[in-house]
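Engineer: Starting from the known structure of chain A, arrange chain B on it as the hints suggest.
Here the protein sequences line up with chains A and B, keeping their order. Sequential numbering of the first sequence, starting at 2, is according to my numbering. Sequential numbering of the second sequence, starting at 95, is according to my numbering.
The set of hints was computed from the structure by calculation and includes no laboratory data. From a predicted model like this one, the values you see are computed outputs, not experimental measurements. Wrong hints could be hidden among the right ones.
Said to hold, decoys possible - As a list, the in silico DSBU-like pairs of lysine-lysine whose alpha-carbon atoms are at most 30 Å apart:
| no. | chain 1 | residue 1 | chain 2 | residue 2 |
| --- | --- | --- | --- | --- |
| 1 | B | Lys112 | B | Lys161 |
| 2 | A | Lys411 | B | Lys149 |
| 3 | B | Lys112 | A | Lys29 |
| 4 | B | Lys149 | A | Lys29 |
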Amino acid sequence: MSFERWFYTLPLRLRSLFGREQVDRELKDELGDHLELQIQENLARGMSAEAARYSALRALGGVTQIEEQCRDTRGVNMFENLLQDLRYGVRQLRRSPGFSALAILCLTLGIGPNAAVFSWVEGILFRPYPAVSHQERLLALAGTARDQSEAQGISWPDLLDLQRNCTLFDTFFVSKITGSTLSIGDRAEVTTGSIVSANYFDAIGVHPILGRGFAPGEDVGRNAHPVTVISYQLWQRRFKGDPQIIGKTQRLDNVLHTIVGVTPEGFYGTFVGWAMNFWVPASMEETFEAGGYKLEDRGARWIEAYARLKPGVTRKQAQEEISAVAARLEADYPATNRGRGIKLWPLWQTPFNDAGTLLPTLEIMLAVVAFVLLIACANVGNLLLVRSFARRHEMGIRLAIGAGPGRLLKQLLAEGLILSAFGAAGGLLIAHWCRHALVLLLPARSGIAMHLPGEIDWRVLTLSGGICLIATLIVGLVPAFQTRNIDLAGTLKAESSSVVGVRERTWIRSSLVVLQVSLSFLLLVGATLLMQSLQKIRTTSPGFTTTGVVQTGVSVVAAGYDEPRAKTFQDELIDRVSSLPGVQSAAFARVTPLDYTAYSSTPIAVDGYQAPPGEQPTVDYNQVGPAYFATLGIPLISGREFTRADDENAPLVAMVNQTMTARYWRGQNPVGQRLQVKGRWVQVVGVVADSKYESMRETPKPFFYVPLRQDFEIGPALNIRTTQPLQTIAAAVRQEVHALDENLALYETITLQEQVDRSTSPQLVAVTLVAILGGLALLLAGIGLYGVMSYTVAQSNRELGLRMALGAGASNLFRLVISRGLALTAGGVLFGAAVGLAVTRLLGALLYNVSPRDPLAFGSALAVTTTTAIAACLLPAWRATRTDPSRVLRD
Amino acid sequence: MSKPSDLVQGTLDMLILKILALEPLNGWAVSQRLKQISSDVLQVSDGSLYPALHKLEQEGWISAEWKSSGNNRRAKFYSLTRLGRKQLEKEAANWNRLSAAISGIVKLKEA
Numbered sequence: 002m003s004f005e006r007w008f009y010t011l012p013l014r015l016r017s018l019f020g021r022e023q024v025d026r027e028l029k030d031e032l033g034d035h036l037e038l039q040i041q042e043n044l045a046r047g048m049s050a051e052a053a054r055y056s057a058l059r060a061l062g063g064v065t066q067i068e069e070q071c072r073d074t075r076g077v078n079m080f081e082n083l084l085q086d087l088r089y090g091v092r093q094l095r096r097s098p099g100f101s102a103l104a105i106l107c108l109t110l111g112i113g114p115n116a117a118v119f120s121w122v123e124g125i126l127f128r129p130y131p132a133v134s135h136q137e138r139l140l141a142l143a144g145t146a147r148d149q150s151e152a153q154g155i156s157w158p159d160l161l162d163l164q165r166n167c168t169l170f171d172t173f174f175v176s177k178i179t180g181s182t183l184s185i186g187d188r189a190e191v192t193t194g195s196i197v198s199a200n201y202f203d204a205i206g207v208h209p210i211l212g213r214g215f216a217p218g219e220d221v222g223r224n225a226h227p228v229t230v231i232s233y234q235l236w237q238r239r240f241k242g243d244p245q246i247i248g249k250t251q252r253l254d255n256v257l258h259t260i261v262g263v264t265p266e267g268f269y270g271t272f273v274g275w276a277m278n279f280w281v282p283a284s285m286e287e288t289f290e291a292g293g294y295k296l297e298d299r300g301a302r303w304i305e306a307y308a309r310l311k312p313g314v315t316r317k318q319a320q321e322e323i324s325a326v327a328a329r330l331e332a333d334y335p336a337t338n339r340g341r342g343i344k345l346w347p348l349w350q351t352p353f354n355d356a357g358t359l360l361p362t363l364e365i366m367l368a369v370v371a372f373v374l375l376i377a378c379a380n381v382g383n384l385l386l387v388r389s390f391a392r393r394h395e396m397g398i399r400l401a402i403g404a405g406p407g408r409l410l411k412q413l414l415a416e417g418l419i420l421s422a423f424g425a426a427g428g429l430l431i432a433h434w435c436r437h438a439l440v441l442l443l444p445a446r447s448g449i450a451m452h453l454p455g456e457i458d459w460r461v462l463t464l465s466g467g468i469c470l471i472a473t474l475i476v477g478l479v480p481a482f483q484t485r486n487i488d489l490a491g492t493l494k495a496e497s498s499s500v501v502g503v504r505e506r507t508w509i510r511s512s513l514v515v516l517q518v519s520l521s522f523l524l525l526v527g528a529t530l531l532m533q534s535l536q537k538i539r540t541t542s543p544g545f546t547t548t549g550v551v552q553t554g555v556s557v558v559a560a561g562y563d564e565p566r567a568k569t570f571q572d573e574l575i576d577r578v579s580s581l582p583g584v585q586s587a588a589f590a591r592v593t594p595l596d597y598t599a600y601s602s603t604p605i606a607v608d609g610y611q612a613p614p615g616e617q618p619t620v621d622y623n624q625v626g627p628a629y630f631a632t633l634g635i636p637l638i639s640g641r642e643f644t645r646a647d648d649e650n651a652p653l654v655a656m657v658n659q660t661m662t663a664r665y666w667r668g669q670n671p672v673g674q675r676l677q678v679k680g681r682w683v684q685v686v687g688v689v690a691d692s693k694y695e696s697m698r699e700t701p702k703p704f705f706y707v708p709l710r711q712d713f714e715i716g717p718a719l720n721i722r723t724t725q726p727l728q729t730i731a732a733a734v735r736q737e738v739h740a741l742d743e744n745l746a747l748y749e750t751i752t753l754q755e756q757v758d759r760s761t762s763p764q765l766v767a768v769t770l771v772a773i774l775g776g777l778a779l780l781l782a783g784i785g786l787y788g789v790m791s792y793t794v795a796q797s798n799r800e801l802g803l804r805m806a807l808g809a810g811a812s813n814l815f816r817l818v819i820s821r822g823l824a825l826t827a828g829g830v831l832f833g834a835a836v837g838l839a840v841t842r843l844l845g846a847l848l849y850n851v852s853p854r855d856p857l858a859f860g861s862a863l864a865v866t867t868t869t870a871i872a873a874c875l876l877p878a879w880r881a882t883r884t885d886p887s888r889v890l891r892d
Numbered sequence: 095m096s097k098p099s100d101l102v103q104g105t106l107d108m109l110i111l112k113i114l115a116l117e118p119l120n121g122w123a124v125s126q127r128l129k130q131i132s133s134d135v136l137q138v139s140d141g142s143l144y145p146a147l148h149k150l151e152q153e154g155w156i157s158a159e160w161k162s163s164g165n166n167r168r169a170k171f172y173s174l175t176r177l178g179r180k181q182l183e184k185e186a187a188n189w190n191r192l193s194a195a196i197s198g199i200v201k202l203k204e205a
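Pulled out of the complex, with its shape left as it was, chain B reads as follows:
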């Protein structure tokens, strides 16, 4: 239930957008993909995933669609919208800038 307190707020949003940029997925698949990609470093609880997905949908960045998934069931699939793609680019650029700056600082030689 805990919120991913070690994740910078908004980073989770960016990760979800990035994952959905690759292919449309349902909620469970998103959570699996998160764990895979980050090699379990990012501990995102399943509980906090759905409110995040909901929020992204309300913002108009992703859209949801009920589609049949493999074994004869219908599941909710999320895909990136055009607005979402723009948002992802913006956040990715931000992230790159920020991480470059921080790693620059971290790499400074101590006197």
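This is chain A alone, in the form it adopts within the complex:
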């Protein structure tokens, strides 16, 4: 519609909407004028006064009809009707507050979980970084290696080349998570921060509230720019919001950094799951990262990066350009880049933070909450159905005096809309309360502020509004189905509603209950399967001892130790810790199993093993100290463990696991054989049992170990086997560390069991959420079944009374009602089981060693559902036995 048209018509529309009475009055005046003028005209023609009036009236016709026609042309009747329906609906609902409250509660419980999961999906997957601009064009950037499925890091030189050669991107920026010992005054703590490129704050559009971001060039030069930007939270917590903070210093990993900026409140960095407290430019990388100076090393793939597309560029186009550049790099630098690529990921699949970990859980949750919504809607639909039956008389009268069926339908929908609008409001309240709930489900770690917020923005509101409309349709149409064929004469004649035939109505209500039972049965099966998986995961032996072994670390990298000093320190610490009371053994290892840190990996060659053509076998390995296997309790199958003698001067050696033996030596004992690691031949001296390396869910894979001294790492993890409690051993080790060097801090000390629990926390989240929602679904379905059974009992009063009068005992009636309820339940379970057999495999990614058709899961879900069904039928059945035949039959 053109602007000019609006100019003329908008005031009219508004007037006819809000100044309705005035418009009507004006129309009356106008018509009155017309009559007056016509009468005068008629008089002038010589008619008598009476004839003139009569003729004028006849010419004009019925004034009321004209008024009604005019109102219709104004096009506001529809709106007025809606308002009227809503007003009437509110009145109706207020008249039965118990019903309304129950219906709204059901819808709140149905919509709330939906809104909550939407807000999590929005806040964690789609808009994870609230303060960052243009997130819709932001992509995560990770390396790929030809023979490894896991995402890799990217090297600094490679990233610079991408930046120089790509044209489809606004910007590339680096954000690599790091932990650090933060010392302010004499108080030290471990905290998390990011190593970033100098363009970081400009690229994400976050402007420090105090001071500045990083200047161009601050990410260049080895250790050249010891500056840091700190978070609002850190500024408030540790510096009490000191307005003079800029220019002050704080020690990060024992290196003095000048604070140049403070980020705005509500900015938590760019790492899904954890809140960042400080940012340092990449030039300071050596302070925080093991492995020396890496900014000029193309082979050091340590960066986690993001890229923002130019507007209008698709991910596919961008990936093609990136791949072309990566292919060129592969050709130019074969030594470091052969078989290496770079891949763009949508933010919700970011491989290097918690987004990827929570993705499968949230996907499942979306389906689960949809089930809960359906169950809740079915409940409310059923409630409305009962009411529509009670209101048959009213509906009949409305039809009789001329309301069209469409108008009745609108009335029912308006009532549904009111209910679901309240339900949606309650649901959003629930979502608001639950927005930080995910963090509560994940195990806490010291020094790391977990941050997984739900985000309720306009998109979540829109979706919840959509859900609300769907709910409206469902709950409004169910009773409409019923009023569709009201028998007018019958309804008006029948004074009491209890004698009307019940066949069709029972049919709808029963199928709704069957649907509810089957959906909640499905959820129970899912919850049980996930619980079994978690149980299996937790009870599966990881291949090492989890009790009585603790792991920790020492901040030698932060303290600036060089290699010889670190070696001496490690030996001395092992000696001191091993002689502590209650300690059986202690050993360093570069990576503790199931940790966040990635293993080293290398192409290998084995005498007599012919790799399939075009394939270069690559195997992960770990660098471990003497007594590592004894400490972790990994059984030695043959050969020997590493000893102190296996140092940098001794012949290179390795130990392999059983799967590696089976694959590359065809099960022959490899002890004494050769293995090529990073181009050098080493001798296999021992075989150890398989264990879990990166995840509890992984299947056995080839893996080997080399002595720490022969592939040195300055800051490895320390593992201790001890009979002492955790706190005691942590204090004792801290004392020993301080005795060696006062400047060193001890990292968080945890048991290996804790390590296992942390690595399985996504399963825990999934199990907890599905169990809660499964319980909720069961409760709702129970209420639904209870409602149907109570109603049936109330309706068949007469029949029950008759049965009683004919000699049926209370127990007969009791059994009658219970068996009717169980029949409905059986229908639901059968249907649910049939669907379940087909769909539970969608849980795939979250299941572990459990068949999606596990009979135990289906069996226990059946047991729980049946128990609930019987419980729901008890009260109605009891009421049935209390039927007073003499009274019922008299009435």
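Structural biologist: Just chain B now, kept in the frame of chain A:
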């Protein structure tokens, strides 16, 4: 009360627009003018006139104003808007095309 069934739907709209294009008038005057101009051939009942006026006003083609008419009373006067003038031109052109075509057909010599 009857609708002008012999009038092609929309023709009444065009006639009203045409009449108002000459001068602003009140409702009664429009009905008088309709009868005069068409020499009582077009039987437009007064009853169907007002909904039509209402509709044209809602479309933004005519605008209404309360003005005092001769004998010391206020009456609602309708006048054509710019949009209404355009609409009239369009409908008049349509009408001319249609009537030319139809009279062409009617004048065809029968074999």
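Engineer: Work down the list of hints and note, for each, if the structure agrees.
Structural biologist: To see whether the hints hold, each was checked on the structure:
A threshold of 30 Å between alpha carbons decides the hint, and for Lys112 of chain B with Lys161 of chain B the separation of about 21 Å falls inside it, so the pair holds. For a cut-off of 30 Å, the pair hint linking Lys411 of chain A to Lys149 of chain B stands: about 26 Å separates their Cα positions. At roughly 25 Å between alpha-carbon atoms, Lys112 of chain B and Lys29 of chain A fall within 30 Å of each other, so this suggested pair holds. For a cut-off of 30 Å, the pair hint linking Lys149 of chain B to Lys29 of chain A stands: about 16 Å separates their Cα positions.
When the structure is compared with the earlier hints, no violation turns up for any of them.
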